[in-house]
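Protein chains: 2
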Amino acid sequence: MKASVYIATTLDGFIARENGDLDWLPGSDGTVDADLENEDFDYNTFMDSTDTLVMGRNTYEMITSFGHWPYENKRVIVLSSSLTEVENSAELKSCPPEDLYNELERSGAKHVYIDGGKTIQGFLRAGLIDEITITKIPVLIGTGISLFGPLEKDCHLNHIETKSYKNGFVQSKYNALRQHVL
Amino acid sequence: MKASVYIATTLDGFIARENGDLDWLPGSDGTVDADLENEDFDYNTFMDSTDTLVMGRNTYEMITSFGHWPYENKRVIVLSSSLTEVENSAELKSCPPEDLYNELERSGAKHVYIDGGKTIQGFLRAGLIDEITITKIPVLIGTGISLFGPLEKDCHLNHIETKSYKNGFVQSKYNALRQHVL
Chain C
61 MKASVYIATT LDGFIARENG DLDWLPGSDG TVDADLENED FDYNTFMDST DTLVMGRNTY
121 EMITSFGHWP YENKRVIVLS SSLTEVENSA ELKSCPPEDL YNELERSGAK HVYIDGGKTI
181 QGFLRAGLID EITITKIPVL IGTGISLFGP LEKDCHLNHI ETKSYKNGFV QSKYNALRQH
241 VL
Chain Z
61 MKASVYIATT LDGFIARENG DLDWLPGSDG TVDADLENED FDYNTFMDST DTLVMGRNTY
121 EMITSFGHWP YENKRVIVLS SSLTEVENSA ELKSCPPEDL YNELERSGAK HVYIDGGKTI
181 QGFLRAGLID EITITKIPVL IGTGISLFGP LEKDCHLNHI ETKSYKNGFV QSKYNALRQH
241 VL
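Line order of the protein sequences matches chains C and Z.
Every position in the first sequence, counted from 1, becomes a number in the numbering used here once 60 is added.
Every position in the second sequence, counted from 1, becomes a number in the numbering used here once 60 is added.
If you are wondering where the hints come from, they were derived from the structure by calculation, not from laboratory data.
What you were told as hints is all true, and nothing was included just to trick you.
Pairs involving identical chains hold if they fit within one copy or between any two copies, as the list cannot separate such chains.
Derived DSSO-like pairs (lysine-lysine); straight-line CA-CA distance at most 27 Å:
(1) Lys178 <-> Lys213
(2) Lys178 <-> Lys233
(3) Lys178 <-> Lys134
(4) Lys226 <-> Lys213
Build the full structure now, drawing on both the sequences and the hints.
Structure follows, in structure tokens:
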């Protein structure tokens, strides 16, 4: 089983403002750059390669706030100790990353998309992330929710490739070296 | 006059560990990757294009700790309110970024290299940085001294180019849009 991260950050490393806002992300207001009309930054290719999505409460609530659940054909796990139910076809769980990882692997998952700041950090700290794709947006916002957080030890990565786009997005893909033996 | 930043950071955005250590930077122990023996990541081209270097106390003390002053032919300003003298051919100043910027411009400086975390953050907050070159090292260290800090407002950048190197370094160059009128 493979676990991957695919996320956009500001150049100063934030995935959202303190209040969760993504207004710094071009296109978040519905406008489309004419040069990039058909450009999805490989998101669909990535999504199609995954069978399972794991997210935390914040990401889940942001997605449901859009009023349309975009993951009908995907197994979705919401990790939360405070929610009591989740809508749609999602499953609610509250367990450490290692336990969820083992459960998903036993259940036959092949490629898991790990999403949301705290969830990503938890899986990274547990050494359970295989691949990280970060799309850097050319803006500094100063404060916000960081993609990365404290680690018990350094995590070395292998750079796979970097692409830059006409609109200034720079997308780098890394393999994380497994730090942790389950 | 142009003011530029040229700096390496970890993938999680740190320019040094909390104690100033750069041990995460490949080559910091004196070893050289055979593939990259003659690779300087355009550092010398950048340095040769500058006439003046501005740094804070921490960067100054790190450089003098090496026992060799590498900037004999460059005007160097050390910004510090606690140091009382600086060695070598450096000049000690204690003033806001705006004042130093104006003074350097009046004195005929053409290209100023702004170095060190606090100094870079001060010049960025004042809207005085024109170009930023960041070399991302493929490692996460979890905590340390951040390149970027809080800002009063978003700072939008224009992506100029990104290069990736055999050893996994990814170097991106941006123009900062001047936010501030002097």
